[in-house]
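The hints should help you fit chains B, C and D with the ligands onto chain A, whose structure is shown.
Residue numbers (our numbering), protein chains in the order written: chain A, 1 to 338; chain B, 1001 to 1194; chain C, 2001 to 2101; chain D, 3001 to 3653.
Calculated from the structure, these hints are not laboratory results.
Calculated Cβ distances over 12 Å to all of chain A for the following chain D residues: (1) 3503; (2) 3524; (3) 3619.
Distance condition first, Cα-Cα at most 25 Å in a straight line; then the derived SDA-like pairs of lysine to any residue: (4) D:3211 - D:3546; (5) A:303 - A:327; (6) D:3034 - B:1009; (7) B:1043 - C:2081; (8) D:3367 - D:3566; (9) A:298 - D:3066; (10) B:1043 - C:2054; (11) D:3211 - B:1009; (12) A:186 - C:2091; (13) D:3173 - A:162; (14) A:295 - D:3066; (15) D:3519 - D:3442; (16) D:3367 - A:88; (17) A:239 - A:332; (18) D:3516 - D:3526; (19) A:81 - A:70; (20) A:117 - C:2088; (21) A:295 - A:325; (22) B:1051 - C:2094; (23) A:124 - A:186; (24) A:117 - A:40; (25) A:124 - A:229; (26) A:186 - D:3262.
Nothing here was measured: the structure is a model prediction, and the numbers come from that model. All C-beta atoms, glycine included, are put in the ideal place defined by N, C-alpha and C.
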Amino acid sequence: MNKKGLFKYKNFSVLSLIFLTACIENAPMDSLSPAGPYARQIDELFWLTFWIAVGVFFLVMGVLVFSVFYFRDMPGKPEPKQIHGNNVLELMWTIIPVLILAAIAVPTVRTIFDLAKEPEDALKIEVIGHQWWFEYKYPEYGITTANVMVIPEDTPVRLEMWSNDVLHNYWVPKLNGKRYLVPGQKTYLNLHADGADEFWAQCGEYCGLSHSKMRGRVLSLTQEDFEKWINNEKLNAEKDLPESSLAAEGQQVYLNAGCTQCHVINGVWDIQGDRIAPNLTHFANRNVFAGAALKNNKENLTKWLANPPEIKPGTFMPNLELTEKEIEALIAYLGTLK
Amino acid sequence: MSGGHDYPHEPTGVETRKLGMWVFLSTEILFFGTLITTFLLFKGRDFPGIKLTDVYDIPFTSISSFILLMSSLTMVLAHNALENEDQEKTRVWLLATAMLGAIFLAGQIYEFTEFYHKGFELSTNIFSSTFYVLTGFHGLHVFIGVVFLIGLWAIGQRQQGLSLDGGMNLEFIALYWHFVDIVWIVLFTVVYLI
Amino acid sequence: MSADHKEHPTPKKYVQIAIVLGVLTALEVTLYYIEDLVGSFTDPLLIFLAVGKYIIVVGWFMHLRFENKMVNRFFAGGMILALVLFTIVMLERGMANFFFN
Amino acid sequence: MTKIIEPAKRTNIFRRPSSEYGFWSWVTTVDHKKIGIMYGYAAFFFLLIGGLEALVLRIQLAQPDNSFLSAAEYNAMFTMHGTTMVFLAIMPISAAFFNYLLPLQIGARDVAFPRLNALSFWLWVAGGLFLYSTFIFGTAGAPEGGYLAEEVGWLGNAPNGGWFGYQPNAGFKYSPGTAMDYWALGLQILGISSLVSAFNFIVTIINMRTKGMRFMRMPVFTWMTFAVAFLLAFSLPIIAIALFYVTFDRQFGTTFFLVEGGGDPVLWQHLFWLFGHPEVYILILPAFGIVSEILPTFSRKPLFGYAAIVFAGFGIAFIGFGVWAHHMFASAISPVAQAGFGLSTMVIAVPTGVKIFNWLGTIWGGKLNLKTPMLFALGFIGMFVIGGLSGVTHSIVPADTQQTDTYYIVAHFHYVLFGGAMFGIFGGLYYWFPKVWGRMYNETLGQIHFWTMMIGFNLTFGPMHWLGLQGQVRRTWVYAEETNLGFWNLIVSIGAFIIALSILIFMANWIYSRRKGEKAPFDPWDARTIEWTIPSPTPVWNFSKAPEVKALDDFWHAKYDEDEEGRAVRRDTADALLLQLEEEGLNPEEEIELPNPSYFPIILASGLPFFGYAVIYKSIPLALIGAVLLLVGSFGWAIEPLEEEFTTKEEEE
Ligand code: HEA
Ligand code: HEA
Ligand code: CUA
Ligand SMILES: [Cu+2]
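In isolation and in its complexed conformation, chain A is listed as follows (with noise of 0.2 Å):
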């Protein structure tokens, strides 16, 4: 018996040692290593209420790993005092925890609050959710892209969000908590990044077959880059190629394949504006694709174009029966969408 109750202890304080000494290192989507104003407010809340809770769990813990020692049956002992309740002790477990919870509610209120203020001289992005991808607008720029979120560093952002199709989440582990984008209705979310860096995001809610697939990067910049940035994406992609080039041969497959009727490249087809799919006017320019499932590279682009769905079960785009000269010659067209 004696055994059995060192083990359960162990087991018990083992395990919360393990919690504080387990976390992974370089976890792009660490919830717990915030890099902005908003997440490290969160951040605070969480911890000062962890350590509540692990407080309660010790004494709770504590009570029972000591009677299950001292109250054990042992032969010899005597029946126990027929105690049916102590109104005094009952008053205090029940009104401790209250207080203690109203200790945490107070900051929890004004934290809600705060974090839902529009932030003042914010830059104003669009993210529209899409399966399985998002696509961001910037308003004051007239400027489309996807998957990769290019923000300023030190600066708030304020995300006007909603959603193409089904409920969506999106979600900046290291700069801020998630929010849904939903359809027929607008979501708001700040993020604020403290240094330039590139940020991990995810779609959190399940939103069908690729929801796992549904990713995307937020790349903060300094002002100057951000600014080059900015300037770059405002412009046309170039729509005469050196002729008999493999980019020219590209960018012939991309206009006579279908690409045009589901995407956008500004400037090479006369219809401009929305479609149901990316726009790829500065495809090169990201690092990843597809919902950031996928490293911009060769190797994954040709998958990607080869077999779609494959890569991403149930998406829009189809499975277009390209040929290998095809694929490459797009590749490398894509290649000169800086």
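Positioned in the frame of chain A, the structure of chains B, C and D with the ligands alone reads:
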């Protein structure tokens, strides 16, 4: 009920089946509450297409509402007659209640077909969907009530008569019937008048 | 049978109650037609009337007035629960329409 | 010599079923004990299925970017896993306990409406089979306009919208095929089943208590049953209507949850969680009740603060109705609602804490007998507190926006559902094993079961806490290698197999002990409540004579007195009393009337799945079959008298 009639119980004073019915009716409030909430929520929305107010025939509905309301009276009179052990009258009032209920149902079917012809179908828009599901759900209740009442009436006809605490309990069904009536009181106001 | 403490009403009483109900219904319909005269009071008045009818039927026809406390609490519990929960839902979703769009 | 009590074989229009043993006796039974046992076995079967689905999930997740399952299969598996565990495992196992124990604990011969009780059970079976028939008949696929590289295999042709079926993803446009219809209609049938049993239990508790069994003398398990019945009665109607909407949307072209048609997807969230949160307390309160029975018995002390525990239970149930939007903190709700629901959620910690501390008060100063049921009860306290505390961290709204939809939530609810509800249930299964089967379980195997389960459980769900906080999103078929989450996921998967091992040990114990276990005395634990005053296994008629109850823990007080110090002393008369009880229990003096078996519950229940199929396949003939079954069932029911005379005859054994 079960376990022998002389099995002693801690008394609460409410007959078992009746208690069961009250519990059931209490939960019915939540059924209808959900439906009404949805209805009101969408009623406040601005959505293009044919509106409820475009199809309503208030005088007609008022009359059928009145009929259903009066069926509550006949129901309670049936109950009263049974308490006074007047089997004959009990059956008459029962049948009257069932008939009034049936008239109400007929009215609702007429109303639905009228609306349908005006282009107001189940899936026309959000207003029509909520309308049909809500009033249809109530209509289903009326229908079940009418079946109960006729069943009760038939049992009364066939056997020596109804008893107050017999198998098919009149009071038990009366409660159900009144409840269906009060739901309509609410629906009439919420759906048609406001 | 149930241990009713108060006497149930007589048939005559029932008919009187029914007449009151009928009158209230007539009033409702009238209100609907003279909405322009009554103005913004119409809806509250209509709700008031409906609640009145509701209470009359539940109280007298269903004998809730004469019923065991347990039953009363149960039914009232269901009512109050439904009212509170659904009011919150309506407020939440109603506001959403109002502010978010 | 035992007395065999037999129903008179009288015929109404149909010949009454009259078998006492064998297959038909189970099919037609209205005996709460048999129904309880059937619930138990059937639910355990589904627990194994749900567990297998979990194992399949864990194999897929054991490595990053794994390809053991396709996306369609993975999504179907977690949806069916969650749905199965909640509606087809935990709820019905709790129902098994309610059925078996409730009449015994209040000294009744059966529930208030025995045939309705059988109906509940068969409806539940019908719903479960209907839901699972999706693997045979159902179809699932890509959203309208989307493409799949490969056909969906049979494993993927199951509901795939998640156990809370968020709209519009689970609507016809984004989840075409029939699988989600099976889900919506299956839950509808299961809901009707639970509603019916809720009415039955409420009325039973109010009206069927034996003499002297006042409310404040009822065992805590009975109280918790009462609270659960209330929760069911008031929350199920909401989901029933919401599921109607889903079915209408999917089948009849309405747009309740589709924005294009003016509908509102967030309304579904409200309606689902208005039901869904009370539901989680429906899952845990029975375990609270079980633990409140086990702890005093094995501590040889009365429950500390009986009244407080009872009221806390109702407090939880009541507040539980007012917190639903805590599942929507990241959804489209206003900051005011976030604050309000955050606060109301925190408040639930208070009554729950009252229970925890009162349980600790119960074992404090006791004489703890660490048998398997007690181990599970103690394990329950420890594990549930972990889950409860992580629940409190969710109620901190801003923190929850980081946690929601991650494995941190998955960790929370498995700690409360498995560490809470399941541990409680296992404790109860061991505790009442002797009463149900008349044999003792094997203690050694029981202890081994507990420890393997304890280890496996923590290994499985403990690491999920940090996996979630460090970014693993739930319901993801694959996770990227670069997230560095692979190691702990592997540990989790290993843990899951250790749990499976522990369940195999449990099954071995059960099968062995049922046949070969020691014969159980009728009061093996020196227990406190009146179900232990009758023989083991419980005779069909429960109590030979209606017991009269004079106090809370009546049986204990009949056996024990208190000395000046307040210590328990066994009465001199105790042994004689026990002998007398045993003698009386086996030999009823009076003639006993019991409700007769009936065919009609199962006939009625079997009608509903046909309606389900009729809706899905828009088939009038199927609807007619359903209608006929329904009519035959209810007509026969209405004209069949509930009970007929029993004859008592002496028979040699
Ligand atoms: C048995 C089921 C069960 C139980 C009992 C609980 C209990 C609680 N749950 Fe849990 N919950 C679920 C099952 C359950 N939950 C499920 C299934 C989900 C996920 C659904 C899904 O998304 O799929 C969920 C999700 C969930 C969420 C949503 C998370 C999200 O998706 O973002 C939240 C948020 O607040 C929450 C909170 C709580 C709280 C505060 C309690 C409280 O009742 C806990 C109270 C207990 C204690 C606090 C411990 C004991 C108390 C003391 C020792 C006193 C002292 C304590 C203090 C002073 C703090 N739960
Ligand atoms: C009471 C409820 C309950 C229980 C007991 C469990 C038990 C388990 N759950 Fe469950 N789980 C849920 C309720 C429950 N779960 C819910 C509600 C969800 C959310 C679903 C959703 O998102 O929609 C969920 C989601 C969920 C996920 C998240 C999936 C995702 O988001 O992608 C995971 C992942 O690891 C998981 C794992 C497990 C494991 C390993 C067990 C193990 O403990 C299982 C242990 C049991 C066994 C291992 C069975 C033993 C089998 C044998 C011994 C084989 C014998 C076989 C024969 C004789 C034929 N569960
Ligand atoms: Cu979008 Cu998940
Ligand atoms: Cu909850």
